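**Student:** What follows is the residue order along each chain.
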Amino acid sequence: MITAVAFLCAGIFFQTIGVIALYRFPDVYTRIHGTTMCTTLGSILFYIGISMYAFFSFNENWLAFTSHIFITLILLLITAPTGSHAIARAAYKSGIKPKVVFDKLRDAKCSK
Amino acid sequence: MILYLIISIILSILALLCWLKVIISRTIVDKMVALDAANTIVISFLILLGAIFKEIVYVDVAIVYAMLSFVSIIYISRYLEGCK
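Sequence order for the protein chains is A and B. The working numbering applies: residue 2 is where the first sequence begins, and numbers increase by one. The working numbering applies: residue 19 is where the second sequence begins, and numbers increase by one.
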């Protein structure tokens with residue numbers, strides 16, 4: 002029970018960090034990075050926590066519920082990186098350049 | 019039960035913040051990023067609803083919602099990319 006509540010709280014925490022990253026990052030690409038990674042990790046922890054917490058409240062069809070949650074988890078792990086990659090590619094193709102904060106190679110001399 | 023109430027309130031606030039970001043951002047790519055985050059949070063909320071009401075149908079709705087979200091994101095990004 003304690004483990005399930007810990008997993009749920011960790012999932013909510015990472016999803017909150019993802020939404021904060023959506024507001025606080027300056028650029029489209031950094032925003033994609035923070036939001037997609039944090040919400041995907043938060044969703045994984047949240048699904049594990051829900052399936053462990055439902056073990057105490059579901060009586061006979063707990064296995065069906067957990068297998069449905071597992072199918073959703075596999076689907077999310079396939080679709081979330083693909084979607085964010087497509088968004089980043091569309092942003093680059095539509096002319097938005099990345100606002101680079103730290104660029105070492107801009108004023109570099111030619112190496113002999 | 020009080021845990022379910024607290025978690026559903028926090029998830030509702032997160033989803034509303036994502037939709038507010040969809041409304042107030044300027045470019046369309048920002049809107050797409052916020053929409054993707056909102057869809058992920060709404061899928062988590064649907065699974066939580068399934069655990070609250072002890073129904074498996076909500077999880078099936080979450081699967082279909084995830085597929086529709088993925089197809090819409092891919093379609094809009096292919097449209098913005100400019101190639102057919």
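What the hints contain is simulated information worked out from the structure, not anything from laboratory work. The model shown is predicted, which means the values in this text are computed figures rather than measured ones. There's no promise every hint is true.
Stated by the list, open to error - Dumping the calculated BS3-like pairs for lysine-lysine here, alpha-carbon to alpha-carbon at most 25 Å:
no.	chain 1	residue 1	chain 2	residue 2
1	A	100	B	49
2	B	72	A	94
3	B	49	A	98
**Student:** Mind checking the alpha carbons of residue 100 of chain A and residue 49 of chain B for me, to see if they're no more than 25 Å apart?
**Tutor:** Status holds; Cα separation ~18 Å.
**Student:** Residue 72 of chain B and residue 94 of chain A were given as a pair; does the straight-line alpha-carbon distance stay at or below 25 Å?
**Tutor:** violated, 45 Å
**Student:** Given the hinted pair residue 49 of chain B and residue 98 of chain A, is their alpha-carbon gap at most 25 Å?
**Tutor:** holds, 17 Å
The structure fails hint 2 only (numbered hints given earlier).
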